[in-house]
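For chain A, the structure is supplied; the task is to place chain B on it using the hints.
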Amino acid sequence: MILHNMIYTLPEVSLLAGIIHMFLLYIMAYESAKVYSRAAKFWIIMSLFWEVATQGKSFSPLYFDNDSYTLLFNLIVGVLSYIMISLSATWFVTENKTGCKYYVLLLSALIGIKLLISSINLVSLLFSYILLIYIHYRMLGISYEKIPSEAPSRYVGISGIIIIIFALGFLYINKLQDGNVEYTEVKELFSSNRKSLELYLSAISLLIPFLYSIGIAPFHITAEDKTGKSILPVSHYFALIAPVAFWGCFIKLNIELMTAYKEELSEVYKIFALLSVVFGAMGANARINLHRILSYSSMYHFGVVLMLLSFFSIAIDFSAFIYLFVYILSLNGCYLVFYSLRSHGEYLSSVASLSGLAETRSYTTGALLVSLFSFIGLPPLIGFLGQLNVVSELLKQESYISLGVILFFLLILSKSYLEIVKTAYFEHKVKTYDSENKLVILYTVLSVICIVIIAFNPQGLFEILKDMFYVISI
Amino acid sequence: MSSYQLLGLILIPLIGSIFTLTAKYDKNYAVSNIFNVSILSLLANVSLILYIFSQCNLEESGLQLVESFHWVDYPKVEIYLGVDIFSLLIILSVNLSFLVAEICLYRKTERAKTLIASELLFIGLCNGYFIAADVLSFYIFFVSSGTPLIILISTYGSQRKKTVLIRFSIYNLIGALLLLVSIIMMCEAQKGDVLLSEAGKINFKGGTEYFVWLSIFFAFISRLPIWPFHYWISSINSSLKNPLVFLVGNLIPLIGLYGFIRFWPNTVPETIAIHAPIFEIICIITMLFIALVSLSHKDMRYKLFAYTTVYYLVYLTSIFLPTDVLKLNIGYSLYSYIIIITILSFLISHIEHQKKELGIYGTGGILCYMPRASKCLSLFILAGIGLPVTSLFWNNFIIISEIFNYNLILGIMVILSIFLVSLSLLEELYKLKDKSSAATECIMGGDLSTKHYIVYIGCLIILFLSFFKPLWFVY
Numbered sequence: 001m002i003l004h005n006m007i008y009t010l011p012e013v014s015l016l017a018g019i020i021h022m023f024l025l026y027i028m029a030y031e032s033a034k035v036y037s038r039a040a041k042f043w044i045i046m047s048l049f050w051e052v053a054t055q056g057k058s059f060s061p062l063y064f065d066n067d068s069y070t071l072l073f074n075l076i077v078g079v080l081s082y083i084m085i086s087l088s089a090t091w092f093v094t095e096n097k098t099g100c101k102y103y104v105l106l107l108s109a110l111i112g113i114k115l116l117i118s119s120i121n122l123v124s125l126l127f128s129y130i131l132l133i134y135i136h137y138r139m140l141g142i143s144y145e146k147i148p149s150e151a152p153s154r155y156v157g158i159s160g161i162i163i164i165i166f167a168l169g170f171l172y173i174n175k176l177q178d179g180n181v182e183y184t185e186v187k188e189l190f191s192s193n194r195k196s197l198e199l200y201l202s203a204i205s206l207l208i209p210f211l212y213s214i215g216i217a218p219f220h221i222t223a224e225d226k227t228g229k230s231i232l233p234v235s236h237y238f239a240l241i242a243p244v245a246f247w248g249c250f251i252k253l254n255i256e257l258m259t260a261y262k263e264e265l266s267e268v269y270k271i272f273a274l275l276s277v278v279f280g281a282m283g284a285n286a287r288i289n290l291h292r293i294l295s296y297s298s299m300y301h302f303g304v305v306l307m308l309l310s311f312f313s314i315a316i317d318f319s320a321f322i323y324l325f326v327y328i329l330s331l332n333g334c335y336l337v338f339y340s341l342r343s344h345g346e347y348l349s350s351v352a353s354l355s356g357l358a359e360t361r362s363y364t365t366g367a368l369l370v371s372l373f374s375f376i377g378l379p380p381l382i383g384f385l386g387q388l389n390v391v392s393e394l395l396k397q398e399s400y401i402s403l404g405v406i407l408f409f410l411l412i413l414s415k416s417y418l419e420i421v422k423t424a425y426f427e428h429k430v431k432t433y434d435s436e437n438k439l440v441i442l443y444t445v446l447s448v449i450c451i452v453i454i455a456f457n458p459q460g461l462f463e464i465l466k467d468m469f470y471v472i473s474i
Numbered sequence: 001m002s003s004y005q006l007l008g009l010i011l012i013p014l015i016g017s018i019f020t021l022t023a024k025y026d027k028n029y030a031v032s033n034i035f036n037v038s039i040l041s042l043l044a045n046v047s048l049i050l051y052i053f054s055q056c057n058l059e060e061s062g063l064q065l066v067e068s069f070h071w072v073d074y075p076k077v078e079i080y081l082g083v084d085i086f087s088l089l090i091i092l093s094v095n096l097s098f099l100v101a102e103i104c105l106y107r108k109t110e111r112a113k114t115l116i117a118s119e120l121l122f123i124g125l126c127n128g129y130f131i132a133a134d135v136l137s138f139y140i141f142f143v144s145s146g147t148p149l150i151i152l153i154s155t156y157g158s159q160r161k162k163t164v165l166i167r168f169s170i171y172n173l174i175g176a177l178l179l180l181v182s183i184i185m186m187c188e189a190q191k192g193d194v195l196l197s198e199a200g201k202i203n204f205k206g207g208t209e210y211f212v213w214l215s216i217f218f219a220f221i222s223r224l225p226i227w228p229f230h231y232w233i234s235s236i237n238s239s240l241k242n243p244l245v246f247l248v249g250n251l252i253p254l255i256g257l258y259g260f261i262r263f264w265p266n267t268v269p270e271t272i273a274i275h276a277p278i279f280e281i282i283c284i285i286t287m288l289f290i291a292l293v294s295l296s297h298k299d300m301r302y303k304l305f306a307y308t309t310v311y312y313l314v315y316l317t318s319i320f321l322p323t324d325v326l327k328l329n330i331g332y333s334l335y336s337y338i339i340i341i342t343i344l345s346f347l348i349s350h351i352e353h354q355k356k357e358l359g360i361y362g363t364g365g366i367l368c369y370m371p372r373a374s375k376c377l378s379l380f381i382l383a384g385i386g387l388p389v390t391s392l393f394w395n396n397f398i399i400i401s402e403i404f405n406y407n408l409i410l411g412i413m414v415i416l417s418i419f420l421v422s423l424s425l426l427e428e429l430y431k432l433k434d435k436s437s438a439a440t441e442c443i444m445g446g447d448l449s450t451k452h453y454i455v456y457i458g459c460l461i462i463l464f465l466s467f468f469k470p471l472w473f474v475y
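Same order as they appear, the protein sequences are chains A and B.
Throughout the first sequence, residue numbering follows our numbering, covering 1 to 474 in sequence.
Throughout the second sequence, residue numbering follows our numbering, covering 1 to 475 in sequence.
One chain only, chain A, in its complex shape (with noise of 0.2 Å):
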């Protein structure tokens, strides 16, 4: 029995092996990035073989439950990282460094997403969930720059306020349960005691973490530093890994523990989606960084994706689930477009550094286009699929209101989008680009062609989507 727990903590294992595999090698004095980003790829290779092996499996039954749902989401989570850990290595060369730290948070983060998604105990949420939010601090905190940021000190202050928000609601259910806090006999509990006003805070008080660390308007306070300005590799973590963690998690709250307040959170849910949908559009047309516009577009389309997860039905759940899917597939283009704007030897962030770009990058705008097409859903691009969900949802819930306002925003979002283009295609060139890197290249005709195939026949992957994700509501 030691033994199969031995076994079924490998995908964490391997995780951890491969930090002290960085510290060794930090302690060996290797001073190039391309060692250390071989050493952490082939470690998340590691975790997710062992991911797969071991799927079904939990190392400790109480606080942990892997099934398809978690290992769709660490998939996801692996890809992402695998990719971004192979295009931040080029970044941490150009810039000089060996991104040692970078690798060695990276990994714990990883660890820490595992744990977080696999969670069916309070105790283990909040573990998870602080230890997630205490590397991220360590995340923002790698700067190269002279004068530090404020960001980091900002982002714990904050998160410590929502972890304490967190903890008092857990320590509430905690007390009424006698430390029995796994999610089906909370979710009891709930269920039990509707008119409980103080179970009702108690179970916000769960969300709210949640709905602060994905971005969600009012509480997206801090999501514009983490990805707006922090270095590249950080800020392409924050946009990507760290929000599709978060979304597992939460989709697994809302379906497994919040059923019982559906009236109540639906509506709460609908005015955060829309004050998202609605920010979100605004502020990316007031941005002038890249990065930031991004980080508004992200709050836009998060909230799209929580105006679909008010319903409480696991059909519009999934929808909301492809939706994100086909989002960070298109997100993920676009940041891999962002590591080939370098002029000597500066990686550049601000959208009138893009003036003229097509001039001499063809491809590298072309790519950029095909990304944000998609973020507008236009066909035949993998975008389209998800606003398909979403219109025919939206519509089948007579939410004719909710849907104006998000079509409506989605233009005002367009905007900023056709901004960039217009900056690419009709300004003079005013920067001389480096040459690109032969692996960025390659991703990123990877990427374009995922979001242009995909949707030409979706339906294989999605079935497979399908199986994985609906385990949750089994």
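To be clear, the hints were calculated from the coordinates, so they are not data collected in a lab.
Since we're looking at a predicted model, the values are computed, not measured.
Any given hint might turn out to be false.
[To be verified] Restraint-style ranges between C-beta atoms, simulated for each label pair: (1) A:Y172 x B:I18: 56 to 62 Å; (2) B:F69 x A:I45: 53 to 59 Å; (3) A:L461 x B:I285: 46 to 52 Å; (4) A:F456 x B:K201: 29 to 35 Å.
[Stated by the list, open to error] No more than 16 Å apart at the CA atoms, straight line, and that leaves these computed lysine to aspartate or glutamate pairs for EDC-like: (5) A:K396 x B:E59; (6) B:K191 x A:E463; (7) A:K466 x B:D73; (8) A:K270 x A:E398; (9) B:K327 x B:E59; (10) B:K76 x A:E359; (11) B:K113 x A:E398; (12) B:K298 x B:E352; (13) B:K241 x B:E352; (14) B:K205 x A:E398.
[What the hints assert, rightly or not] To list a few chain A residues with every Cβ distance to chain B over 12 Å, as calculated: (15) T94; (16) A151; (17) I164; (18) D178; (19) Y363; (20) L385; (21) K396.
Backbone N, C-alpha and C define an ideal beta-carbon position, used for all residues, glycine too.
Just chain B, lined up with the frame of chain A:
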């Protein structure tokens, strides 16, 4: 049921586009390859269209050779493709036009890769739009055909017109989103995908019906140079100097027009059809306005744009008539019309190019030293404005007669617009041929090449044969 022939019409240009993108950056060898791939793709497509024609029953008015493909389950979407004689004629003329354009432009362009890849993508998506038989695939192809347009306009448009691109994109996006909502409402009402021919049978309650149909029409109007959207399309077209891109720009209204043709004559419910006079009035005002502007305009390209716009609006006006017998006449007329505007845009480009090469300020009398260009331009302008040598003559005669039959004032306004725009073109032709204003004889040698001359005369022969029997190529 499914023989993949119609799917082939979409896929051949798309595959050609991918091949084009893989070509190396080489000024001579690769550019030739790009054009060869493109010409071969279009030749294959034209041959396939002729083969599909041979399988169709010319007497049948409904959709033929229907193909269906399962796409996704969430929500359930089934893609239906089908053709009738009308849509096949449009597809043939568009593919033939681009084939002619490719042959004429062979290797003489900047950024050949972007141009040809986008153009082939546009053709593939346009073909898809013309053969879409259900509302959802119709939407997909309608919206997606806008993407290559944006790339082409961004790449080849004037730098001063950058705000126009944003306006174009926003208008189209508004139209696309409204169309999407309406179409999904239709699908929800029917609990599944809806065939285009059955769209009008869906019962919506009062306000919803107006919302659905007005949204659909708004989407199509956003691609037509009708008030209040007349500005962007004329701005875009006047800034496009590359003849192939100019041709693409001139086909944007065809997409909007085709949408109306597919939805209006049989499909629109009676409650909506009674509002047709509003659309007719808007069409007439725009038509007259553009025709009058063309008289005062000095740019030959604008005159051609005005000509194409007026004719598109004549076709549109005829669609709003309370009859469905004109559809095939519109098809025959459009077939000739699209080929004519293709040749005219190339001839104008040739003249402008020679003017630029020789450093001449005005084009007055330039045709005196270009006998081949002079013959071709004269013949095609005359054919365009009604010389009885093409199917345009007979069918426009029938269309205009029907408009007169419906409303005398409407008929007079249509004739007046056509007269003004024809006058404007003839005036320009006269200037180009007027020997007294010819600048110098140094422009000798700037005439059309033999290849171009043969291609243009070949097109004229094709059009001339259609005068006697529009479907002469079907056996």
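Hints and how they fare:
For the pair Y172 of chain A and I18 of chain B, the supplied restraint of 56 to 62 Å holds, since their beta-carbon distance comes to about 60 Å. Judged by the Cβ atoms, the range 53 to 59 Å given for F69 of chain B and I45 of chain A is violated: they are separated by roughly 37 Å. Checked against the hint of 46 to 52 Å, the C-beta distance between L461 of chain A and I285 of chain B comes to roughly 50 Å, which is consistent with it. One distance hint, 29 to 35 Å for the beta-carbon pair F456 of chain A and K201 of chain B, holds here, with the actual separation near 31 Å.
Pair hint K396 of chain A plus E59 of chain B does not hold up; C-alpha atoms about 42 Å apart against a cutoff of 16 Å. A hinted pair counts as satisfied when its Cα atoms are at most 16 Å apart, and K191 of chain B with E463 of chain A does not qualify at roughly 21 Å. Using a Cα cut-off of 16 Å, the hinted pair K466 of chain A and D73 of chain B holds, with the two alpha carbons roughly 11 Å apart. Annotation: proposed proximity of K270 of chain A to E398 of chain A holds, straight-line Cα distance about 14 Å (limit 16 Å).
A threshold of 16 Å between alpha carbons decides the hint, and for K327 of chain B with E59 of chain B the separation of about 14 Å falls inside it, so the pair holds. Distance restraint check for K76 of chain B and E359 of chain A: the Cα-Cα separation of roughly 42 Å exceeds the 16 Å cut-off, and the hinted pair is therefore not satisfied. Restraint check: the Cα-Cα separation between K113 of chain B and E398 of chain A comes to about 46 Å, which exceeds 16 Å; the hinted pair is violated. Between the alpha carbons of K298 of chain B and E352 of chain B the distance comes to roughly 13 Å, so the proposed pair stays at or under 16 Å and holds.
For the suggested pair K241 of chain B and E352 of chain B, the alpha carbons sit about 9 Å apart, so the restraint of at most 16 Å is met. With a C-alpha separation of about 15 Å, the suggested pairing of K205 of chain B with E398 of chain A holds against the 16 Å cut-off. Separation of T94 of chain A from chain B is adequate, the least Cβ-Cβ distance of about 25 Å exceeding the 12 Å criterion. The Cβ of A151 of chain A sits about 33 Å from the closest Cβ of chain B, beyond the 12 Å cut-off, so the non-interface label holds.
Every beta carbon of chain B lies more than 12 Å from that of I164 of chain A, the smallest distance being close to 40 Å; the non-interface claim holds. At roughly 43 Å from the closest C-beta of chain B, the C-beta of D178 of chain A stays outside 12 Å, upholding its exclusion from the interface. Taking the minimum C-beta to C-beta distance to chain B, about 8 Å, the non-interface status of Y363 of chain A is violated against the 12 Å cut. With a minimum CB-CB distance of about 7 Å to chain B, L385 of chain A fails to clear the 12 Å threshold, and the non-interface call is violated.
Here K396 of chain A does not stay apart from chain B, with its beta-carbon only about 6 Å from theirs, under the 12 Å limit.
In summary, the structure is inconsistent with hints 2, 5, 6, 10, 11, 19, 20, 21 from the numbered list given earlier, while agreeing with the others.
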